[in-house]
Amino acid sequence: MVTIAGKDVTGSFLGNAIIFLKPFWIINDASTMTLTMGGVVISGIYAKLVEQGKTQRIWATLTVVGILFLVAGFALRPYTEGISKIRSTPAWVFICSGITTLAFLMLIYVVDVKGKINAFNWIKPAGTSTLTCYLIPYFQVFTLELFQINYPGVINNGFPGLLRSFLTAVIIVLFVGLLEKKRLRLKI
246 MVTIAGKDVT GSFLGNAIIF LKPFWIINDA STMTLTMGGV VISGIYAKLV
296 EQGKTQRIWA TLTVVGILFL VAGFALRPYT EGISKIRSTP AWVFICSGIT
346 TLAFLMLIYV VDVKGKINAF NWIKPAGTST LTCYLIPYFQ VFTLELFQIN
396 YPGVINNGFP GLLRSFLTAV IIVLFVGLLE KKRLRLKI
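Numbering-wise (this note's numbering), the sequence shown opens with residue 246 and increments by one.
Simulated from the structure, these hints should not be mistaken for lab results.
No experiment lies behind these values; they were computed from the predicted model shown.
Mixed in with the good hints there might be a few duds.
Calculated pairs, DSS-like style, for lysine-lysine (alpha carbon to alpha carbon, straight line, at most 27 Å) [claimed, not checked]: (1) 330 to 426; (2) 359 to 299; (3) 359 to 432; (4) 369 to 426; (5) 293 to 361; (6) 299 to 361; (7) 369 to 359; (8) 293 to 330.
Model the full structure from these sequences, guided by the hints.
Dropping the structure here:
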């Protein structure tokens, strides 16, 4: 079934064209590129304002952009199949862009204004041993499956699932930090 804004267009000229052209569409839905380029543009705006000495404009500019992204995401939600990472809906892209823009603004405040760069040393291995941090979860999943260990259902969904995922990520980063201290890291 092919839907556009919730309307079934299967069998129509547009629906058939979408089905025919889909294998040739290299960039899929472009959500990944949109999020990446959004980060490039936002950091470019930040760098330009700093370079021009207009640091006071950073706060208003990035706050307004972040809020506009959130508003656009929630406004589009009813018309673009809701908020779904799996389906890469435009609402999801806008909401994530808004959250990351506001989080970037918060990091600017903590690191550049308050000078608390050392507050993030505990997650430094995620940046210095990126490949290792990326691959360790695969070993974790393999180990859990090998020994047939399953998480209780209550911590697989909702807020408990989010908390478990966050704690798992923190444990993996700390573990990679220990590996880094022992001079064990993967490189290409």
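Outcome of the hint check:
1. The straight-line distance between the Cα atoms of residue 330 and residue 426 is roughly 36 Å, outside the 27 Å bound, and the hint therefore fails.
2. Between residue 359 and residue 299 the CA atoms are separated by roughly 18 Å; this keeps the pair inside 27 Å, and the hint holds.
3. A C-alpha spacing of about 34 Å is found between residue 359 and residue 432, which places the hinted pair above 27 Å, so the restraint is violated.
4. Of the pairs offered as hints, the one joining residue 369 and residue 426 holds, with about 12 Å between alpha carbons and a cut-off of 27 Å not exceeded.
5. With a CA separation close to 23 Å, the supplied pair residue 293 and residue 361 stays within the 27 Å bound.
6. Proximity of residue 299 to residue 361 is assessed by CA-CA distance (about 22 Å); at most 27 Å being required, the pair is judged to hold.
7. With a C-alpha separation of about 19 Å, the suggested pairing of residue 369 with residue 359 holds against the 27 Å cut-off.
8. The hinted pair formed by residue 293 and residue 330 fails the criterion: a straight-line CA distance of about 31 Å is larger than 27 Å.
In summary, the structure is inconsistent with hints 1, 3, 8 from the numbered list given earlier, while agreeing with the others.
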